[in-house]
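K.L.:
When you get a sec, could you build the whole thing from the sequences and use the hints?
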Amino acid sequence: MAQGIRDKVAILGMGCSKFGERWDCGPDDLMVEAYIEAMADAGIEPSQLDAAWFSTHIDEQGTGKGGTPMSIALRLPNIAVTRVENFCASGSEAFRGAVYAVASGAADIAIALGVEKLKDTGYGGLPVANPGTLMPQVMPNGSAPGNFAQLASAYRAKHGVSKDDLKRAIAHVSVKSHANGAKNAKAHLRKPVTIDQVLNAPMIAEPLGLFDCCGVSDGAAAAIVTTPEIARAMGKKNLTMVKAIQLSVSNGYESQYNGWDGSHFHTARIAAGKAYREAGIERPREQISMMEVHDCFSITELVTMEDLFISPEGQGWRDVLDGFYDADGGVPCQIDGGLKCFGHPIGASGLRMLYEMYLQLQGRAGERQLKDPVFGMTHNLGGAPASNVCSVAIIGQEGA
Amino acid sequence: MAPPNHYGMIVFEGGGRIMMDITDVSPGDVDTGLLVKMVFRIKDIDEKRGFVRYFWKAAPDRSAVSAQTAVAAE
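Heads up: the sequence lines are chains A and B, in that order.
The working numbering puts the first residue of the first sequence at 1, with every later residue one more than the last.
The working numbering puts the first residue of the second sequence at 1, with every later residue one more than the last.
Just so you know, the hints here were simulated from the structure itself, not pulled from any lab data.
Model, not experiment: these values are computed from the prediction.
Heads up, some of the hints might be wrong.
Stated by the list, open to error - Covered stretches of chain A (chain B as the covering partner; in silico rule of three or more C-beta atoms under 8 Å from a C-beta of chain B):
hint, stretch
1, 42-50
2, 128-139
3, 248-260
Claimed, not checked - Taking lysine to aspartate or glutamate and the DMTMM-like style, the derived pairs with C-alpha atoms no more than 20 Å apart in a straight line are:
hint, chain 1, residue 1, chain 2, residue 2
4, A, 158, B, 31
5, A, 158, B, 29
6, A, 163, B, 29
7, A, 8, A, 261
8, A, 163, B, 31
Unchecked claim - Only part of the chain A face toward chain B is listed, based on derived beta-carbon distances under 8 Å:
hint, residue
9, 142
10, 146
11, 150
12, 153
13, 386
Even glycine gets a Cβ: it sits at the ideal position worked out from N, Cα and C.
P.N.:
Shown next as structure tokens:
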């Protein structure tokens, strides 16, 4: 394996807009909101930025598939802006680009910014993607909830879990995220819910009810990265370091061959294994202090606990019900509310996950602050269980 | 197509799989391990151009015996 990214890049500053129904803001306003916070946190001037990565997936934000929407919104000093998209993992891709630029020495300071403005589409979920001319002739008329719901039936069949037990476990996932999101002033959904509310909500795609599905949001998030040497020279202490960034992409194994059992994410296991090696983590269940994972659906989060090797295979649902991933549990997960409650502006989500891990590592998470976190992990998935891209990043304390 | 809609990962005897529509079922009929057969059915009606698209769908194979060689989303 290559030498890897561990400890080569530090996070200099981060910013995140309020997520939600931002009727009064366009994507430019959201970008400015995240950018101003990140720049103030970093303590730099725009002239110090060498390069930018811009992630947005669904909407073209005014001026098309390029770097211009970010450069124009932020009046960047005519620097390189690379627009990236990789489904819902786009934000993590922007971060990866900026981190690699700094690690290579091509840039001293780089910024990654993601934005999405989805609440004006007039549609509650993801806008319908254009599948191309030929695919509708063979593809089922499916949906994201329908695709991810299949994880639940496959998981039950593989591990012999009853429908009621699994329904209760995934309900706990959402109850926990709502409890956490209620403490986050930037979160889209800020009301706690009871397990009975979740269990009795309208069905979307069996067994996923309304509260098992995250919505979509308006929002933006940004990260500014540099080398640890430059950060120290600027007087920064208590640096938050990049420990690992890995991306694994489906190649048809899950969707076209018969080896995959449908109950887990093949790519997540590969990305997680590589990320732990890159970060030098050998016992993730003990060493990972906290996580933000891609809880697009409650069942996704549940199986991801196993795919990240935190829960033993087939036991994730028990850990969830035991409260292991609650705010006061062994590995708090979605401490900021997750996609479920902080919200899911597609191109910003990966950076939003990193934002919470960064705040926690900096000791600036306010009411949500966990005690002495060392490593924070993000898991940012794009696509569907049978065909996806999976990004896993680990950030942590200097010297850890 | 009016909900509820049924679809899943169909696994073929001898190898290969495809996510496809499941037809001739009612809510509650479909679960992992359901034995199915291929039927050629209306997939879509193109109202703008007036033609009907057909494609294969999976329907429960009620004549199948115990040998589980083809299962839905195993």
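K.L.:
Take the C-alpha atoms of residue 163 of chain A and residue 31 of chain B, compute the straight-line distance between them, and say whether it is at most 20 Å.
P.N.:
Holds, at roughly 11 Å.
K.L.:
State whether the coverage of the stretch 42-50 of chain A by chain B holds or is violated, taking the criterion as 3 or more residues with Cβ-Cβ distances under 8 Å.
P.N.:
violated (count 0)
K.L.:
Take the shortest C-beta to C-beta distance between residue 146 of chain A and chain B; is it under 8 Å?
P.N.:
At about 7 Å, which falls below the 8 Å cut-off, the nearest Cβ of chain B leaves the hint on residue 146 of chain A intact, so it holds.
K.L.:
Under 8 Å, Cβ to Cβ, is where residue 150 of chain A needs to be relative to chain B, so tell me if that hint holds or is violated.
P.N.:
holds (6 Å)
K.L.:
Quick one: see if chain B covers the stretch 128-139 of chain A, three-plus residues with Cβ-Cβ under 8 Å.
P.N.:
Contact hint for the stretch 128-139 of chain A vs chain B: holds, 4 residues under 8 Å.
K.L.:
Going straight from one Cα to the other, do residue 158 of chain A and residue 29 of chain B come out at no more than 20 Å?
P.N.:
The hint holds at about 19 Å.
K.L.:
Taken at face value, is the distance from the CA of residue 31 of chain B to the CA of residue 158 of chain A at most 20 Å?
P.N.:
Distance of about 12 Å is within 20 Å: holds.
K.L.:
So, residue 386 of chain A near chain B? Judge it on the closest CB pair being under 8 Å.
P.N.:
holds (6 Å)
K.L.:
Given the hint that residue 8 of chain A pairs with residue 261 of chain A, test it: the Cα-Cα distance must not exceed 20 Å.
P.N.:
Distance ~38 Å between residue 8 of chain A and residue 261 of chain A Cα, so the pair is violated.
K.L.:
Taking the closest Cβ pair, is residue 153 of chain A under 8 Å from chain B?
P.N.:
holds (5 Å)
K.L.:
Given the hinted pair residue 163 of chain A and residue 29 of chain B, is their Cα-Cα distance within 20 Å?
P.N.:
holds (14 Å)
K.L.:
Can we keep the residue 142 of chain A interface hint, with Cβ of chain B closer than 8 Å?
P.N.:
Holds, about 6 Å.
Consistency note: the structure conflicts with the earlier hints numbered 1, 7.
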